[in-house]
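Engineer: Spelled out, the chains give:
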Amino acid sequence: MSSREKILAAIRGVSSESKSLPEIPDFPLSGDLEEVFSQSILGNKGEILSKAEFEKWLPSMNFQKVISLSAHFRTTGNLTLPEDPHELEDLELAILDGQFGVAENGAIWLEDTNLGLRALPFITEHLVIVLDRSKLVETMHQGYDLVGNAHSGFGLFIAGPSKTADIEQSLVIGAHGAKSLRVVLV
Amino acid sequence: MENFKPNVALFIPCYVDQFYPKVGIATLELLEKLGCKVSFPAGQTCCGQPLANAGYERDTIGTTRHFVELFRDFDYVVAPSGSCVLHVKEHSPRIPELEQEQNDLHHKVFELTEFITDILKVERLEGRFQHRVGYHASCHGQRGLRLASSSELNQIPFNKARKLLGNLEGLDWVELDRTDECCGFGGTFAVTEEALSIRMGKDRLEDHLHHQVEIITGGDMSCIMHLEGIATREGQKIKFMHVAEILNQAIT
Amino acid sequence: MSHPENATEFLKDQAKAKWHDETLWFVRDKRDRISKTIPEWEQLRDLASQIKDNVLVNLASYLEDFERNALQNGIKIHWAADAEEHNQHVLRILQEKNCKAIVKSKSILTEECHLNPYLEKEGIEVVDTDLGERIVQFLNQPPSHIVLPAIHLKKGEISDLFHEKLHTEKGNEDPYYLTQAARIHLREKFLGAKVAITGVNFGIAETGEFVVCTNEGNADMGVHLADVHIACMGIEKILPRRKDLGVFLRLLARSATGQPITNYNSHFRSPSPGKEIHIVLVDNGRTAQLAREKFKNSLKCIRCGACMNTCPIYRRSGGFSYGSTVPGPIGSILSPGLDMKKHSTLPFASTLCGSCSDVCPVKINIHEQLYEWRQEITKTHGEFGKGLSMKLANGIFKSPLAYKISGNLMRAALRALPDSMIYHPLNTWGKSRNLPETPTETFQQWYKKNRP
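In order, the protein sequence lines correspond to chains A, B and C.
At position 164 of the first sequence (counting the first as 1) the number is 164 in my numbering, and the numbers step up by one without a gap.
At position 220 of the second sequence (counting the first as 1) the number is 220 in my numbering, and the numbers step up by one without a gap.
At position 45 of the third sequence (counting the first as 1) the number is 45 in my numbering, and the numbers step up by one without a gap.
In isolation and in its complexed conformation, chain A is listed as follows (with noise of 0.2 Å):
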C-alpha cells in the first residue's frame, strides 16, 4: 500500500459522526469604510496617499529604477518587467494596483494580473498600491465573497510594508521584503 492508500485507510478507519460545515454571517462593521481603511493601513505602518500627495512625494524621491504597472500612472515607470525576477534585485520602486482593500485591516488585495512578476511586490524597495476608493469592503469574509473562485494562480492579501518582532519584540520596519507601503486612494 502507498503512503496516500494508508493515510487514507487510516483516515477512513476512525468513526466519527458527521458535522455539518456552519454557514459563515456576514458581518457588518461600523464606521465609515475609507476612514476605518486609512486607519487600518497606519496601522501597519503604510502611509494613505490622495493622487496630488503622490504626484507631489513622487519626484522628491528621486528614484533611478521605478516599474509601474499600475493602469492609473502607465507611464510614471521608467523600466519594463524582465523576464528573470533577479534582474529586479535593485529595484527602487514598483506602483501597482490593488484589486479591493479590506477596511477591518488594511488588507489588499493583488493578484497575477497585478503583479506582473510574483517576486515584484517584495522585492523592490518600496512599494506603492494604487487602489479605487469605491472599493473598500467591511471585512475578509466580503473580501472573499469578491475574490470567489475565480482562478489566477497566485493571489495575495498585502497589509503593510515588510517587518518583524523577532528581536526582544521591537517592531523593525523593512525585514525581507518592501521597506515601505503608499496606498494610493483614487
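These aren't lab readings, by the way, just hints derived from the structure by calculation.
Wrong hints could be hidden among the right ones.
Said to hold, decoys possible - No more than 20 Å apart at the CA atoms, straight line, and that leaves these computed lysine to aspartate or glutamate pairs for EDC-like:
1) B:22 to C:437
2) C:431 to B:234
3) A:19 to C:64
4) B:202 to C:174
5) C:300 to A:17
6) C:18 to B:172
7) A:179 to C:174
8) C:16 to B:169
9) A:19 to C:46
10) B:237 to C:174
11) C:294 to A:17
Unchecked claim - Here are a few chain C residues that face chain B, going by a calculated C-beta distance under 8 Å:
12) 58
13) 61
14) 163
15) 258
16) 313
17) 339
18) 374
19) 375
20) 436
All of these numbers come straight from a predicted model, not from anything done at the bench.
Ideal placement from N, C-alpha and C gives every residue a C-beta, glycine not left out.
Chain A is already provided as a structure; the job is to place chains B and C on it using the hints.
Structural biologist: Leaving out everything else, chains B and C in the frame of chain A:
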C-alpha cells in the same frame, strides 16, 4: 427569599476541615444568616480531586461513591471552594449503579458565591468592611465554573464574588494588573513543579502588594494557603481571608 | 531532563525569567485588546471550531479533493507517512534539481521532521529565512516558540551573535540595525537559491490552493525567486472552502501577535510558467491522534501560539523546558501522542488553569486534554512518586474513619515535628512556603460541639 428555605448540605473540602475550620464556620453562619437550613453531613472525606488531577481519577471511585451517597438527599450542596465543586461536577468517575443520583447531584452542587447570587438570588448584601481588598480569582472557579468573566474572552464583564463584596460599605476593591492569572498552586503541581509554583505565587503577591492591598481574598483556600505560605515566609504583612469570612463578618 | 528540572534551571536567572514572562504577557495583552475590538470574536471562534470539526470528520475526502484540484492546477503532490518519508521526498526533489543550497521559511512541520539536519547530512545548505529562525539556526538551537522563535534571547545576545556571524559592529544592539544586517545577508541567499521550502497555513480543498502567511515576506522572497517551491503541509491543515479563510485569517494574526492580519497572505494555486510547486502531505502521527477520541481535536490547531503567550508556565519556564518541537500547552497535548514516555512530564507542567482553552481561536479544550493525558500516562508511567501515596490517599478518603485518624495524626505530627522531618511532599511544600498554622480542632469537631 422569605418563603424559600432550602435544605442545604455543607460540603467542606478536606484541607478546609483540617487547616481552616474558621472558613467552614463562616460559610455555615453566612448561609444561616441568608435563611438556609444548613447541615453538615457527618463522615465527609476528600472529594478526590488531588488524585484525579494527578492522573488517578480511576482510583477515586470509592471516594466518589461515598460522596454521592452522603449528599444525594439534599436540595443543594454548597462548598466554599470552586475547585472542589468543579471536580465533583466534571472529573468524578461515573458510578454505574448511582448514575441517576450522580447526575441529579451535579445539578445541585454549588460554589458558595454562585449559590448566593444564582440560587438565593441575592442582589446586594448590606454590611460594612473597611479594608482595601484584592481578589484572587482561583482558576477552577473562574474558568471552570465561570464565576467571573475571563480576561481572555470577549464577554460582558461580571464577577459573582465582586457582586457580593462590592456593595459592602467601606470595601475598597483593588484592580490588579493581571486580573485572573494563576497563582501556581495547582494541587500536586505545587510540589512537582515547586520552583514554578513559587515563582507564580510570588508574582501574584507582587501584583497585590504593588497595589497596596491590605487583605487578599478568594473563593479557594488552597490557592490562599499557597499564597499565604509564601507571604509569611517572605515576612510580608498582607492578610488573607476567604470570601465567606469577609461576608460573614461584614453582614449582621 | 524533565520539565520541572528544566523550569528550575530557567528560573535561576530571575531577571531574565521575569523579562520573558513580561514580554510574552505583552503579546497576550495585545491579543486580548484586539480581540475585544471584534464584537463577533467569540462567534468567530465557534465558527472556526465547527469548520475544523467538519474537517476532521471528512478529512479523507477533503484531502482527495485537495489533491485532485492541486494536480489539475499543475501542482505536484507527495504523500509522506512519517518524518523520514517527508525528508526523503524533499531530498529527492533537491537531487533531481541538482540543488545544493535552499532557503526555507518558517515551518514547524519541518522542525518536527528534523529536515535541516537530514539535508545537511547530505551536504545541502539550509538557510532559515525568518529572522528569528535564522538567529536560532546560527546558534544551533531549535525555535523556543512557534511564532516567536528567538523570544528566549535578549538583543545583547543577538548583537554578539551577529557580530560573530555577520560582522556587525560590536556592541550595536539596535534592533533596526541588526535586522538590516540580516536583510542584506539573507537577500544574497534568496537570490542564490534554486529551491525554496515553505510551510503551509491552510490548504483549500475546493480549489487545491494553499495559503502561507508571513510578516517579513521571507516565504515569498524565497519561492518567487526560486525555480521550485516545496510546500510541506500536515494533513490537518485542510479547510473545505475558500471563504473559510475569511474566518481563519481574521483569527490567526490577532491571536498570534495581536495584529489585525499578517502582512503577506499568499494564495498559491498554480506555478508561474516554467516553475514548479510541490506539496508534501505529511501524516507523522496525525492519523494516530485522530483515532484518539479524547485527543483528536488537538489537530484543529492553527499554530498561532496564543496558548504559549498566555500560559503562566510557559512564560516562566521558556520553550526549551518542554523538550518538544511544539512547546507550551498545545505541545503538551500533541507530544505525548508521538512519544508518551519521552514527554510524560509535559501534561503535568500545568495547573489546569484553563487560560489556554480560553484564548484558543479554534476552541481546543487544551486544559481538559492535559487532564486526560495525565490519566493515560499514569496507567503506563506511574512515576513521580505519585502512585503509592495517591492509592494510600484513596484508601483514606473513601473511609471516614481512616480519614479522621490520618487527619488527626497529620495535624498532631505537624505540631510536633520540626519542619525538616515532615514527610516528603510537605517537605517540598515547605522549601519556600510556610504551612498554615494548625488549628486546635477541625471543622468536624467544631460542628459537633456547636450544632449538636
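Engineer: Among the hints numbered above, which are violated by the structure, and what are their numbers in rising order?
Structural biologist: The structure breaks hints 4, 6, 8, 10, 12, 13, 14, 15 and 17; every other hint is satisfied.
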